[in-house]
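A.B. asks: Each chain, written out:
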Amino acid sequence: MADEIIRITKDELPAKVSSFMASGYRLVQICCVKDPAGKEPAQRLEMNYSFDRDYSLSTLKLDLSVGEQIDSITPVCAAAYLYENEIHDLFGIRIDGISVDFKGTLYKVAIPAPFNPAGESSKERY
Amino acid sequence: METAATPKHTVIPFGPQHPVFPEPLHLDLVMDDETVVDVIPSIGYIHRGLELLVEKREFPEMVYVAERICGICSFIHALGYSQAVEEIMKIDVPPRAKYLRVIWSELSRIHSHLLWLGLAADAFGFENLFMQSWRARELVLDIIEETTGGRVIFGTCKVGGVRRDIDADTLNRIIGVLDGIERDVRGICEVFIKDSSVKHRFCGVGVLSKEDAMTLGAVGPMLRASGVAYDMRMKEYAAYGDLSFEIPVETSGDCYARCAVRIREIYESFSLIRQAAQKIPGGEISIKVLGAPEGESFMRLEQPRGEVVYYIKGNGTKYLSRFRVRTPTFANIPPMLHVLKGQELADVPNIVLTIDPCISCTER
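As you go down the protein sequences, you meet chains A and B in turn.
Under the numbering used here, the first residue of the first sequence carries the number 1, and numbering increases by one thereafter.
Under the numbering used here, the first residue of the second sequence carries the number 127, and numbering increases by one thereafter.
Be aware that a few hints might be false.
[Unchecked claim] Simulated pairs of lysine-lysine, DSS-like, Cα-Cα distance not exceeding 27 Å:
1) 216/B with 61/A
2) 61/A with 444/B
3) 361/B with 16/A
These are computed hints drawn from the structure, not numbers from a lab.
Chain A with its partners taken away, still in its complex shape (with noise of 0.2 Å):
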């Protein structure tokens, strides 16, 4: 089976994850896309969720404007804890009920969400 991305909105994710979890697939990564990438703030920022099974890799897609919060997918997917905290630690996204959430101290940052400077900061989340 082919790569494929799927595009899903903030309140379909839970329900998505699951499924692919109840389906045998495994968490390959999480990752946040800044858009306009560089230096410019952001106005737009984008979540992956990749998922795997038998070598075929789907991707969920979904959309977030700044400042906009996130639910975690922990608790369907024990493995998510340390990308979540990572996008949050560098991009300064809100990502609410992390099952092992390091509050901001995962990365040892300079500045807060170093990839996203005008995002959120870390700092004043906690």
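Following the hints, position chain B against chain A.
C.D. replies: The following block gives chain B in isolation, referenced to the frame of chain A:
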């Protein structure tokens, strides 16, 4: 962060500088006497923000950054980045370049596993085995230096192919040298696998079940030692589709199983190099790359430590929009923390080392 610590517990900071750790990893071990109750990792000690360099380096130059993410996994980082860009730009790499990429990838795997074997032996005091492993590794590094000009950072992979060729005479001579290295390595590994002290320290220690390995996102030898036959080389990137190899799998999921998987992978790598040397076609080793990438690609390869994912997003300019690397050690940290709980303090170094952590890769 909430932990299982209570006033009765002791917290022992393990790392980032520790004699058994090859790279800086900090673990706060919450101890109940000699038993680990909880583990709190602290990463970011050597976080360099390399992914953000796409804003300052043109996409052909980013291969130099990618191969400097880590010294042990260097070539396959460069390969993964190059292949991701090639996929977006629909570049057809010459067949000879694909075979050369396989040869250098497997040499990388051999030297990485021999490095790990030595470190794992040194962790429980088997210093002679450590020295013998690294002596054999030096011979592999000599081959790498002869063919690429560098022992650690190869500098041979680029978008569109490779920079250097290996002529037929050199290739035949290298195969002869590898035969001798393989004899040495098999002798060393037989000791490792059969020694009673090794079995005493490794068997039944740090068990990761198949279900937990899948749930927690384990990759590479850590996953294969728990009974899951998964290897990204089965996706047939580079020239792997033309070569045959077996995926080493063990089922006990303990430290011994993870070691056995890596040792068998070393043997498979020797076989892959011989096959590639025999089948390598003639022709060009690179093609000219015109234009800039526009689009995105998820490229997955098999590093010595497991599945590595490269996400590249281009916008048609010479600077990429996003360069994201998910390294195998990053994926293996949650299962590592899981198996450490309930273990004895004396087993912590062995368990961590059988995961073969590469913190340079993890933190980027």
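A.B. asks: Now tell me, hint by hint, if it's right for this structure.
C.D. replies: Now for the hints, and whether the structure bears them out:
1. 216/B with 61/A: 23 Å, holds
2. 61/A with 444/B: With Cα atoms ~25 Å apart, residue 61/A and residue 444/B stay inside 27 Å; holds.
3. 361/B with 16/A: 25 Å, holds
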